[in-house]
Amino acid sequence: MAETITLGWRQYRLERRMFWRNPSAAFFNFLLPLLFLAGGGAILAGNQRELDKLLPAIAAMSVMATTFTALAYNIVFLRERGVLKRIRGTPLPTLSYFGGVAANAVTNTALQIGIVILAGKLVFGIGWPDDWPELIVFVLVGVVSLAALGVAFAHAIPNFESTAAYVNAVFLPVVFISFYVFDSSSAPGFLRQIAEALPLKPLIDGLSGALVTGSGIGDHLDALAVIALWGAFGLYFAVRGFSWESRRS
Amino acid sequence: MSDAAAAIEVRALSKRYGEFEAVRGIDITVRRGEVFGLLGPNGAGKTTTVEILEGYRARSGGEVSVLGHDPGGRSRALRRQIGIVLQSGGIYGHITPREALRHWAGFYPHPRNVEEVLALAGLQAQADVRSRRLSGGQLRRLDFALALIGDPELIFLDEPTTGFDPEARRSAWETVRRLRDLGKTVLLTTHYLDEAQELADRVAIVKDGRVLAIGPPRELGVGASHYRVAYRDRDGQFVEHQTDDPTALLAELTAAALARGERLEELSVGRPTLEDVYLELTAEAEPLSDERRPLAERTSSAGEADDG
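So the sequences go chain by chain: A and B. Under numbering that gives the first Met the number 0, the residue at position 99 of the first sequence is numbered 98, and the numbers go up by one with no gaps. Under numbering that gives the first Met the number 0, the residue at position 264 of the second sequence is numbered 263, and the numbers go up by one with no gaps.
You may find that some hints are simply not true.
To be verified - A short, non-exhaustive set of chain A residues, derived as facing chain B with CB atoms under 7 Å:
#1 LEU13
#2 ASN21
#3 ARG80
#4 ARG239
Just so you know, these hints were derived from the structure itself, not from any lab. All values reported here derive from a predicted model rather than from experimental measurement. Glycine included, C-beta positions come from ideal geometry on N, C-alpha and C.
Could you put the whole structure together from the sequences, leaning on the hints where they help?
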């Protein structure tokens with residue numbers, strides 16, 4: 000077990016190094032949500048009620064970008080390039096490998112959430128988070144669920160060239176629906192039902208409670224349950240459908 | 000399954016993909032310390048067989064033992080003792096060979112020295128270059144290096160020199176010979192006959208998921224005891240004889256030629272190459288029976304294809 004942890008730590012450090020060396024990964028993980036934050040902030044400047052909504056929405060989107068999107072990209076890339084197959088042939092324990100990969104995603108999420116909180120404090124006139132435990136619980140459950148969904152989704156992507164199309168076909172509609180329903184009280188009922196059933200809108204609700212409104216976990220248990228259910232679904236398919244090698248080879 | 004001298008034992012191995020039978024009852028024993036070649040055309044079942052031995056695929060039937068383990072169990076103990084060069088194993092684009100070897104070394108209980116392996120693979124000059132900037136040949140050498148870093152007992156090489164230029168092939172062959180000198184067992188798949196002939200102590204010729212012949216490259220097949228005597232006759236025609244007794248045949252031919260006051264142009268005595276055996280076995284169409292005639296005379300056009 001000690002060796003599994005040591006090897007997982009080494010894998011984590013390698014993943015970190017590889018992440019920083021890859022400018023496009025850094026872009027997708029960090030810059031995109033920050034651009035949304037800056038753009039939204041500029042448009043909504045002066046409207047505190049809207050800014051209060053923008054911040055948790057961007058924070059939740061960051062969680063999705065650093066886990067779901069990043070892992071789907073990574074897994075497909077490593078699978079199609081044959082890196083996963085090579086690793087599979089070594090004595091590196093599967094748990095160490097995925098531990099390192101997951102810890103890498105969690106680090107990115109934590110960094111990203113940190114940046115968003117800092118931006119909220121310094122630029123948007125929103126104080127420090129009201130409810131740290133709630134923040135941590137929602138980020139953690141969100142990370143696990145969306146990371147599992149990302150790995151599961153990678154299985155549906157046939158080759159690396161089409162990854163962007165597949166990922167965005169999910170990511171963008173989910174983001175738009177969730178943002179719209181979260182922001183507008185007059186959103187059509189069916190759209191609201193869809194958004195509430197997807198994992199992002201509940202995550203925004205939870206993060207909104209933690210970062211802005213101060214409503215505690217108790218008020219967001221439904222939201223937590225929806226995210227966790229998606230997580231269970233994602234984990235099942237992530238493990239069951241996992242493919243270590245390209246279907247083309 | 001009790002031969003202690005065997006690194007790999009395969010009995011009645013079969014593998015089905017739906018209706019398609021990729022492997023149909025293969026039996027192979029690879030002894031410790033030998034370089035064993037699996038030779039056959041594309042789609043013969045070589046890679047499927049090797050990937051079962053490596054633990055990548057489940058078999059449909061038969062028994063398999065690799066260093067005393069069932070590779071299907073995917074035990075770490077086994078993977079610590081084997082090194083794998085895949086046909087298409089990739090690597091992170093932003094890692095350097097030295098970093099990759101250091102990282103991989105951490106997977107194994109008694110890894111080899113990183114600098115030593117860099118030297119063995121001929122990668123010292125590229126040790127700190129990111130892999131995405133390496134050439135195809137250099138990446139292939141990195142494949143070798145990563146397979147050797149754990150100091151494995153048994154090394155799987157799946158088509159290790161495909162796409163190499165002649166110089167790179169020679170150097171890869173040199174590496175394989177050094178592995179054998181170190182007492183390692185090597186299982187090599189290749190569709191290059193010269194590679195099998197150069198490297199392998201024994202070869203199994205595989206086609207359509209079956210072993211057609213097995214043995215040392217020089218003794219393989221029905222032509223094993225035959226010598227070939229060839230020359231160009233007076234009309235410039237290429238003449239080839241097969242015989243078990245080249246001494247007598249040569250005496251007869253040269254005496255006759257001298258009596259006629261002629262020279263036997265381009266006279267050569269040779270043994271059938273692995274290529275001859277391979278082509279005969281994999282072609283199926285030509286029956287081999289009349290090869291037994293001691294003085295079978297056969298006229299063929301000069302300049303046969305020199306590679307599979």
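To see whether the hints hold, each was checked on the structure:
Checking A/LEU13 against chain B: minimum C-beta separation of about 5 Å stays under 7 Å; hint holds. The closest approach between the C-beta of A/ASN21 and any C-beta of chain B is roughly 6 Å, which is under the 7 Å cut-off, so the hint is satisfied. Below 7 Å, beta-carbon pairs count as interface contacts, and A/ARG80 has one with chain B at about 3 Å; its hint therefore holds. Taken as an interface hint, A/ARG239 does not check out: its beta carbon lies about 16 Å from the nearest beta carbon of chain B, beyond 7 Å.
Hint compliance for this structure: hint 4 alone is broken.
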